[in-house]
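Visitor: Okay, here's what each chain looks like letter by letter:
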Amino acid sequence: MQGSRVEILNEGGFRSDGRKQYELRDMTIDLAQQGQADGSVVVTHGLTQVMVSVFGPREAKMRSQTIHDRANINVEVNVAAFSTGDRRKRARGDKRILELAATIKSTFEPVVQTNLYPRSQIDVFVQVLQQDGGLLQACVNATTLALVNAGIPLLDFVCAVTGGVHSTSPLLDLTLLEENDLPNVTVAVMPKTGKVTLVTMETRLHVDRFEEIFRLAGEAGKIIHGEMKNAVRSRTTALVTAMGSAPRVGGGDTADKDGDDRMNEY
Amino acid sequence: MLSLSKAEKSYIQAGFLASPPSRADGRTLLDFRSVALETGIAPLANGSARLNIGRNTHGGGGGTEVVAAAKLEVESIDEDSDGRDGGRIMCTVSCSPSAYPYLASGALDDLQADLTSLLHQTLSHASLHPRNLGILQNKKSWLLNLDVLVLSDAGNVIDAIFMASRAALWDTHVPRTRGVEYKARKGVKGAEGGKGDMDVDEEVQSGFDTRVIPKATDFELPDYWDEGEVLDGRDRWPIGVTLNLESPAHFLDATAQEEAAAPLKLLLVFSFQDAGAAVIQGMRMLGPGELTSSNLKDLIKAGETYARDLFTALNAKLKDEDVRRNQKARERFELHR
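In order, the protein sequences belong to chains A and B. All letters in the first sequence, in the order written, are residues 1320 to 1585 by the working numbering. All letters in the second sequence, in the order written, are residues 104 to 440 by the working numbering.
Next up, chain A with everything else stripped away, as it sits in the complex (with noise of 0.2 Å):
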């Protein structure tokens, strides 16, 4: 019952999803609150979809793991049984899993201002919802976008990206087909300065392919940092909206003539 094989990447440059060489698939961003997060966010990059919710800073709920001097990232990722083609149950110490946490954590604490919250943790809770590839990938970029919901201090977004070498030709943002016949390394930056936080590569790759796979990657994640800044700046503008508290223009806004009182009129 095999269709015909797939091509990942045809003579006319496109690739098994119809997109182009560089180009990402479609993120989606939704910052709304779920549950009693302090922070929460759901992140699609195509298919792939991830929840993360943050808790903190709060009181660490185990003494043992406190740090006198800074606050305690604590991540822990939770897979969906349906989230893959085939249901697989995975119990939450599975290796693969607690990897990925461990990554997704160390990419992090540099970039947390966790010296602001000393004895205190932060609880970063990864939920996979659906999965097609780039899973690191959509997990850091929804954590970035959770802490930045909870209000916790970060130096600068934290953007990641997958990348791969078919032949020659470099691609970006991986869908699971290509994951799993590509060389792919994952990269996150911090946008601002350009400095990379994170670099995983499972697969082999030649290093004069690597140098060039390893920049794409690097100007991606700038990309991504934009779509970020957008959903930030509109959930916030419409939070602050919808409390009142827009700063009114002044002069021209005859909707405003007969308002509120303001102060400087006393």
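By construction, these hints were calculated from the structure, which means they are not laboratory data. The reader is advised that the hints may include incorrect statements.
Distance windows between CB atoms, simulated [said to hold, decoys possible]:
#1 A/1562 to B/129: 21 to 27 Å
#2 A/1417 to B/399: 22 to 28 Å
#3 A/1421 to B/224: 33 to 39 Å
#4 B/111 to A/1335: 55 to 61 Å
#5 B/124 to A/1412: 43 to 49 Å
With a cut-off of at most 30 Å between alpha-carbon atoms, the simulated BS3-like pairs for lysine-lysine come out as follows [unchecked claim]:
#6 A/1380 to B/368
#7 A/1380 to B/109
#8 B/431 to A/1339
#9 A/1424 to A/1408
#10 A/1514 to A/1414
#11 B/242 to A/1408
#12 B/368 to B/400
#13 A/1380 to B/404
#14 B/420 to B/368
#15 B/400 to B/422
#16 A/1339 to A/1511
Note that CB positions come from ideal geometry on N, CA and C, so glycine has one too.
Using the hints, position chain B against chain A.
Guide: Leaving out everything else, chain B in the frame of chain A:
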């Protein structure tokens, strides 16, 4: 889960016993918060649903949110595997730590195990078993895995789990299969050689032999892209209703604070097979407290009415969802005409 002070608890309890009874959000004792339901949210699953009770309006979050997904996989029936002729159902509930931010991971595992056993024992019962989960008699069958994920808990999570499970099972489609039989090819060298050596009587099909022996050894999907037929027993999947008891009153759809103030609960799971006939599929008393048997009788009677209302409302919404999704698909294909 939540810890309230004694003053808060007594305030909430007094609210239930006052006349007229009052609750923090202004509902009556039997009012449910608004329930949002969407089916087909996990495209990789055979059936799925997402349910939210008490979400804040206007782009809100909060509320009790539960995702349920049913996934089918093929099982062989032999001595080593757990497969059973006619298929079987396995239910699992997992709780996201973001739903219970104050619980340690051990307590979270315990809660998951409790909810799993509750859901599994109720839904995998033989009286609810769907009839189209077999593939090849005594050889292969479908294993239906129902995974429920609790994303946030603002009270009344058990009712949410049962409603979401019912919705996901309603949405489940079983792929159509066709038995396949393998025949040795005629004209194979070995066969001819065999025949030449001996005079072998050919097997003649006797006219008196009316047995129908299914000879299929494997199966195939005639249409890979076909979603399949609807899972049998759609109307039988049960509805759970939790009656929170604050003697002599009882109330429905408790928020987290109300659950902490009135911890004694009676969970009733009803199945409405044909119009009119209600069957209790499960019953649990949860929390500290006691009930007399006459109390219990009255509560069961009341619970049946509430469950029936929930059942009717849920069915109407499920039918709406079916129409909405078929409508969307139809519109999409219309554009390509």
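Visitor: Does each hint fit the structure? Answer for all of them.
Guide: Now the hints, each set against the structure:
no.	hint	result
1	A/1562 to B/129: 21 to 27 Å	24 Å, holds
2	A/1417 to B/399: 22 to 28 Å	47 Å, violated
3	A/1421 to B/224: 33 to 39 Å	37 Å, holds
4	B/111 to A/1335: 55 to 61 Å	57 Å, holds
5	B/124 to A/1412: 43 to 49 Å	47 Å, holds
6	A/1380 to B/368	29 Å, holds
7	A/1380 to B/109	24 Å, holds
8	B/431 to A/1339	28 Å, holds
9	A/1424 to A/1408	23 Å, holds
10	A/1514 to A/1414	29 Å, holds
11	B/242 to A/1408	25 Å, holds
12	B/368 to B/400	15 Å, holds
13	A/1380 to B/404	44 Å, violated
14	B/420 to B/368	27 Å, holds
15	B/400 to B/422	33 Å, violated
16	A/1339 to A/1511	27 Å, holds
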